[in-house]
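Protein chains: 4
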Amino acid sequence: MIRVAINGFGTIGKRVADAVDAQDDMVVAGVTKTGPSFGCDLAARKGFPLYCTNDDPDRIAAFAEGGYNCKGGLSDLLAAADVVVDCAPGKRGAENLSKYKAAGIKHIFQGGEKHDLTGLSYTSCANHEANIGAEGTRVVSCNTTGLSRTLVPLFEKCKSLKVECTMIRRAADPGDSSKGPINAIKPVLKVPSHHGPDLMTVKPEIEINSLAVAVPTTIMHVHAIIADLPSGHGMTTDSILELWRSTPRVLLMSGSGDRITTTAEVMEMARDIGRKWGDLHEVFVWEDGVSLIGDRLYYFQAIHQESDVIPENIDCIRALLSTESDWKTSVSKTDEAISSYYGM
Amino acid sequence: MIRVAINGFGTIGKRVADAVDAQDDMVVAGVTKTGPSFGCDLAARKGFPLYCTNDDPDRIAAFAEGGYNCKGGLSDLLAAADVVVDCAPGKRGAENLSKYKAAGIKHIFQGGEKHDLTGLSYTSCANHEANIGAEGTRVVSCNTTGLSRTLVPLFEKCKSLKVECTMIRRAADPGDSSKGPINAIKPVLKVPSHHGPDLMTVKPEIEINSLAVAVPTTIMHVHAIIADLPSGHGMTTDSILELWRSTPRVLLMSGSGDRITTTAEVMEMARDIGRKWGDLHEVFVWEDGVSLIGDRLYYFQAIHQESDVIPENIDCIRALLSTESDWKTSVSKTDEAISSYYGM
Amino acid sequence: MIRVAINGFGTIGKRVADAVDAQDDMVVAGVTKTGPSFGCDLAARKGFPLYCTNDDPDRIAAFAEGGYNCKGGLSDLLAAADVVVDCAPGKRGAENLSKYKAAGIKHIFQGGEKHDLTGLSYTSCANHEANIGAEGTRVVSCNTTGLSRTLVPLFEKCKSLKVECTMIRRAADPGDSSKGPINAIKPVLKVPSHHGPDLMTVKPEIEINSLAVAVPTTIMHVHAIIADLPSGHGMTTDSILELWRSTPRVLLMSGSGDRITTTAEVMEMARDIGRKWGDLHEVFVWEDGVSLIGDRLYYFQAIHQESDVIPENIDCIRALLSTESDWKTSVSKTDEAISSYYGM
Amino acid sequence: MIRVAINGFGTIGKRVADAVDAQDDMVVAGVTKTGPSFGCDLAARKGFPLYCTNDDPDRIAAFAEGGYNCKGGLSDLLAAADVVVDCAPGKRGAENLSKYKAAGIKHIFQGGEKHDLTGLSYTSCANHEANIGAEGTRVVSCNTTGLSRTLVPLFEKCKSLKVECTMIRRAADPGDSSKGPINAIKPVLKVPSHHGPDLMTVKPEIEINSLAVAVPTTIMHVHAIIADLPSGHGMTTDSILELWRSTPRVLLMSGSGDRITTTAEVMEMARDIGRKWGDLHEVFVWEDGVSLIGDRLYYFQAIHQESDVIPENIDCIRALLSTESDWKTSVSKTDEAISSYYGM
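Chains as they are written, first to last, in the working numbering: chain A, 257 to 600; chain B, 257 to 600; chain C, 257 to 600; chain D, 257 to 600.
Only chain A is shown next, with the shape it has when bound in the complex:
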């Protein structure tokens, strides 16, 4: 039984904790909060041991005053776990890494941190094997995870891919009411943007660049993708659809037939099928928006920014702990456990 510490119990941390709890080969050793707040209620409801994000006795004591049972500081949690999933807000990476190293614990960062922090990155379908037994790694961002799901299998078929991706990004998460814009489009003026090339941290053979804009929506990113296949690729639009249909964590549906014409209907479908938080772990591809013209492939995919990396974190735990060497076996195990956990 792998004991998993989750450092940070916010948007990502609360989802990773649930996903760990759903598995039969791992257990939530504890989750951390900075102080007493509504998030502590969630931990208590689920029975997750609660720790403080740091070791200051005064801050630990504050939890009791708020009516919560805090088991100790981060050091105490790290001592009681085999691996820590860092779900702290961005920019804390370097500081936390030194704590994890001092505690001698395996560690997984999220895509908000840079590849250089650990020198190793992870996506289930791209480089599970390369992460086996590693001390620490980084699960790539929601965008990179989504890109790897559709592009890596295509690359395996074609052996060469040159990609341009324009990312139309949500400006704020659904529970975040302070960020804008309300009525504007904001281009990321650093051109090309860092988003696409991040894929090369897990699959260096795919050549990729990207442009990005933020738009006034809270739900999902859309990727408008142009991929150049090598000449003589032998693929067709249909064979690519077939490939993706058989790929884990890729969901193909039709805009016209299934009446899913926007990200709003994608999210509504996720609510309908009973996903917790209305999450969608899969990358969503509009099958009627896929078109291969000569050697150039065009398609749209949508990314649920709050959740698509959650199952990847579970697979990554198994890679670091060397308990499952085959990525597809891990993916099946992860996804079935989550599915039955929520009774979907």
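None of these hints come from the bench; they were simulated from the model.
There are no misleading hints in this set.
The list makes no distinction among identical chains, and a pair is therefore deemed to hold if it is satisfied within one copy or across any two copies.
No farther apart than 30 Å at their CA atoms in a straight line, the calculated lysine-lysine pairs in the BS3-like style are these:
#1 Lys415 <-> Lys370
#2 Lys415 <-> Lys589
#3 Lys446 <-> Lys418
#4 Lys446 <-> Lys435
#5 Lys446 <-> Lys413
We have chain A already, so just place chains B, C and D on it with the hints.
Relative to the frame of chain A, chains B, C and D by itself:
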């Protein structure tokens, strides 16, 4: 075991079906769709018998072509049920009513229909008793339901209430991507609006008017309420909070302490506590926004437009079938069953 | 010729400068910026002398490096003017007031500052006379200005008014792309809010409270107003409409007849009639949303938050300089000059 | 003096009329409306003769009842003009074309119609010469016009261009309050979209495809453009910026230096510099978002969908009437006349 037909399996129908399925004294006799579509998948997943909204053999046959098992037309469903919950889109009321009467089945309409259709309306806390054994009734709208939850108990205490409510309404539901406005406020120029006075169909003793505006959001309505209590009312802000804390389906939380400052955070809280679809059946009241000054009470409440009437439909079924005469007993039963159904 | 200094050349300052420039009895002595930026181009295009918001020689010199001709610091500008209109961002009031007093210059603050700063506030139709010859005052906020336009003439007729106003406010200005929320309604939990009662700083006889919410739009505030007239008021809906039609800076149009159903169409109309920046100096009242029922009057009005106080600042200058004692004469003069300036 | 009829006086028609009125070599012969409405006020304010969109005497008479002076039907207007600019809503093209041909009048359609309608299209910088003396043509859409402004001069330098453009489009215009979505991204599932290839109707030598999404904003489209230059092109990022700086109707500004980071700030700048309706006739290019890497050029541009085609209509009139054979001379004349008309 009460056999419940659900005519219309959209935003409201799919939720009512789930809530019926959660109860131990009733069963989903069937749900209707106009033709094969993604909603049929949902019915199949849940094991709800599927019927066609009308009796045309060609339309019934179309389901099989779409790969769905359709048991028959609406008449067949009505013959196999004790009560029908009408969740059809608005303006079909009169037509459907005649069908229900012809079939001799008890029937419940939703708030999109007018009171005059049945001459009787329903909210659990206002007039459960008056609906016992009735042939047909109407569960009032999401707004009226929310108003009755906070105003009826206050009226019971004070014996007199004069209310003005300004409703700031969502312009579209989350899964609806065609409606606007994107950047505007739209006042309902019929003044006073029909929304508030609808409360008098279930509680005629409360004097109420309303003004309404639609705004560019998909989540929740907010009511800004001004209620004049009779002189000598003996209430305080604290005693009103205490009253609501002990009232079913009213949820009080603090904007500052609980960091729930907007409807976005209210909905996020509902997702966090594991509500299916991220729904919130309760009316949400900001406790730090309640203020009684002399005889005038000010407060804000938020209404989850997609779901707050769902438990009321369950209670209403029991009223019409005369199986539970006490509204509070029904409410407890309904809410506990829903809660344990979703493992919350 | 009144020499007017404008301290701060942003949303309000640039509009006040234009409005001053349009008058034949006053001139722009200068405008201030914190440093070289696009706003300096605007000043240069219009020929307004440019000054630095403070007296630091390094910061003054920085303008030249940016290619702008800066005439000096704030002190230099104050020495060259008869009155200063403070259009600095909020919270600078106390600091700036001491500078103005030290310079012995008359001064006008905006509604972002509190009444207590100067102990005197101003709206053309409410208390022009009380401001004549004053050393300093505050032009009230856009909301208070709009309220005074419709409520003061009504009060003059009725001699008593008790008002409740629910304000549905824009969350950000059109040129502001950082503020949210994108998809939420945010109630102001301080109840009653400070907005309505601010009217009593210019018209203490009107009893008024308010509730406020912010919504995801950038254009206009909407006020949903309930006003209790004294019994025996003798007014009708039509006589109130007639009153407002003859009131300066009140614009009545019909939602149905003129197809102006939302704030978007109100703003489009302002663009169509050629107003600079698409501004609307008048308070907009939907005539088909006005309804007097017994002693209770209901109506909706819309406020262009960026501009409705602009003409009031001009009238206020004349009050402080004692050059026009009759408010209606000043209002006519101001509005005609602005109108012909823009060739409308 | 060229007599210009404007058939349709809505978003585009009202702007074309103003732009014609600004020129010294043409005059507004008349504008049409379907019936009495606020748009008739605008025509009256400007002194534009008003006609009915059809010849039905009853409909013509209706204007008088609404208090407007209607000079006659469309036939009357066509008889009094040398050229008609068709600004009718889309899908009326074929019907109107036959009327124009019957009347023997030169005609200009807008980009809502297809190229096949006239078999000829127009953009000032791409094919002015090819339109000289033509009987009828089509001014291409706002998007195509914007693309031609930056791509045609680049093509003239490089003699070869292969372009991919992802268009992030506004979902509704500012004065349109019925369209959504409020919170979603909507991909155009026809891949590639028709938008980019439309450029080849005016410049067939540029190879171009496009993908498009609609987002919840009312202001401007953003184009994320990837252009492949031929090897040995000899250009640099700086030389491309220099090229565009000297190109008419291209406006380069900096996101960082000028603090114009989103389309909201672009539109605010247009309001600040006094453009009527806050319009921006130029295509806006973020200079710090332009990056040439090897042979691949990346850049972002923003299109004011309501107005960028307006000056092109003026130039096009001169082409059809053969009064100015040099496109640059016409562009200068058009733009200077508009600029001085509005006193900018």
